[in-house]
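J.: Below, each chain spelled out in residue letters.
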Amino acid sequence: MIEVEQLRKSYGDLTAVDGVTFTARPGEIFGFLGPNGAGKTTTIGCISGLLTPTAGRVSVMGHDVVRDGRRARQALGVAPQEIALYEELSAIENLAFWGGAQGMRSPLLKERIRKVLEVTGLQDRANEPVKRFSGGMKRRLNFACAIVHAPKVLLLDEPTVGVDPQSRVRLLELVRSEAAGGNCVLYTTHYMEEAETLCDRLAIVDHGKIIASGTMPELRSLVAERDLLRLTGAFRPTAAITALEHIEGIEIIQADESVLMVSLPDGSRKLPAVFAALAAAGAEVRGTSLTQPSLESLFIKLTGKELRE
Amino acid sequence: MRFVWISALKDLAWLRRDPFSTLTWLAIPFCMGLLIHLVFSGGQATPQGRLLIADSDGTVASNVLSGQFTREPLSKMFVVENVTEEQGRARIGRGEASAFLLIPEGLQNDFLLNRPCHVQLFTNPGQTILPKIAVESLSMTVDAGFYLQHVATGPMRDLATTEGVSEEAVSRLAVETVRLGNSLRKYVDPPLIRLETVVVQEKKTNVGVAAFFFPSMIFLALLLMANGLAGEIWTERAAGTLRRLSTTPASLASFLTGRLLTVLLLYAAVSLAGVAVGRWLAGAQVANVATASAWAALSGITFYLALLLVALAASSRRAANVWGNIVVFPFALIGGCFFPFGAMPAWMRNIGKFTPNGWAMLQFQDVLAGSAKAPQLLAAAAGLAAVCALAFLLALRQLRRGFAA
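First to last, the protein sequences are chains A and B. Heads up: the first sequence is residues 1 to 309, going by the numbering used here. Heads up: the second sequence is residues 1 to 405, going by the numbering used here.
In isolation and in its complexed conformation, chain A is listed as follows:
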């Protein structure tokens, strides 16, 4: 279980995490969703003991990460964003090292190494140097090193970045099985679809703050049945906003000289009215996309920008 209360981490004038509060429970996959630079990795750093919080309190399985850091770290398994492995060593040697770092001893360590190699599908390449592995295999081993000591709490920082679809599916299955085994998983990602399908609960972060959190149904309700309409072309923002404000239920999310984004109920029916209003305002529309309510549309509605920006 992870409990984070009013966590703040500053570097001089820059505040990377600003008053983050959440709880991730056993058997749950808690998603931490946000664009690059939103504060996800800094939050993970504070939870894992890598960074010392400027303010707030973080505990892992009841152990304060600052005052009782060693015990907190014993309960943690961390798969960092980068592939933090010894490339010259084999998969077994890496697992033995990271298991040893967690205080594991043989024969239990050997048994766990055998098991995690099996579940990650690396048993056939167990004795090969990691430098010969593909990117997906390295990611799987990175994950295996995080779970070799059977931790109660898993911190997975964008574990599927840059992996092939096959390895991605396998990794997501592994994450689900960890949660199904009663472990608490904190999962950061900027892949919207991954968060939607994997996480039980989510927190959307931006500029170091949680701007929305809850289960997927709860978050979807925030965007109700509203569609997201994105138009590209040449606009005069003030004139376009004035023209669109007359359409019932419309909500302007973004308006600049090249992109116009609005949220509106029953979008397909209202498209002709939107085009007519924009034409009257002297706008030139070159591209249109209309998307159904989703986490992405929620994110855009909440932050005014797309997740990958």
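No lab work stands behind these hints, which were simulated from the structure alone. Any given hint might turn out to be false.
Here are the computed lysine to aspartate or glutamate pairs in the DMTMM-like style, where the Cα-Cα straight-line distance is at most 25 Å [as the list claims (entries may be wrong)]:
| id | chain 1 | residue 1 | chain 2 | residue 2 |
| --- | --- | --- | --- | --- |
| 1 | A | K209 | A | E194 |
| 2 | A | K131 | B | E236 |
| 3 | A | K131 | B | E232 |
| 4 | A | K131 | B | E86 |
Computed from a predicted structure; not experimentally measured.
With chain A's structure known, arrange chain B on it following the hints.
T.: Just chain B now, with coordinates in the frame of chain A:
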């Protein structure tokens, strides 16, 4: 404590998996020793040339003349080949030999009858040393023959004019030669002073340039190794393994201690190899192989920790390399690792002796010579250990203060 061994085992596995790096470290003293040996000590190989001889006389006298080239020391310099006059002229013309000696028929008779004798030596203008050696050697023999002609004219003429060489003629010549020798002895061999020489103790003097350079090469290898190994901390940082380690219960102190154990082991192997090369290849005096290796290894680990501090203080891997080199090369130059103190100007030597590597190398030289006193050596080792401990604590502080995060 257990993680110290795990960390050391990991580093040893890394060395095993990357044998090229390990062999490179081990090869440094070997290569340097070998190169110096070849350039200075082993490079005194005798040049060898080809001497063509066309002996048309085929007598005792002509054999004496040509035989000098088939006996030491000239036999080490020349490969003698008997040829005909035509072959000899053709081959020396093509530059296929260092020299061609042409002995004409009738040489012995002319010599014994005190008539002018002629031999011809053709030399290869494309070569400088060997033809001159051939000319000088032949001149000396001809000179000796000249003097023999003058002091033993009678007996020699008898030999030449008598039909067949009788035992009486040979005996007469022998008696004349002994008599001549005895009459000359008072001039050439006067035993005026009787000198008795007693060897008190066999003393080894200069055993060669390679041995002279050997301590410098060992310490240069130690410094270069230290620089390379210290920079490896940036590999860990770049890979994110240090950050990952900080999220585990394992301590960075154990991690660093494990690394030190591996480095110490590596230094011990390299030092032992280096000292062995110095002793058995370069011919250096090594009073105690174990003590010399241990001192070199302890010095090496101190250099490693010092350069680790430099690497940890750098802002990037590249900066770490640059700073490492900026520290290593001037210290190596002044501290006697490129050129021995004996080959330095006095002012530089006086400064160099106070550099860490210069000081450590002087102690090493004392150990090699067997002149190091045990209490002094122990005190020096304790000093190095104290420096190591301090550097270790500072390095750990750097790691904890953000390098690993």
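J.: Does each hint fit the structure? Answer for all of them.
T.: To see whether the hints hold, each was checked on the structure:
no. : hint             : verdict
1   : A:K209 to A:E194 : holds (21 Å)
2   : A:K131 to B:E236 : holds (15 Å)
3   : A:K131 to B:E232 : holds (17 Å)
4   : A:K131 to B:E86  : violated (71 Å)
Hint compliance for this structure: hint 4 is the single one not met.
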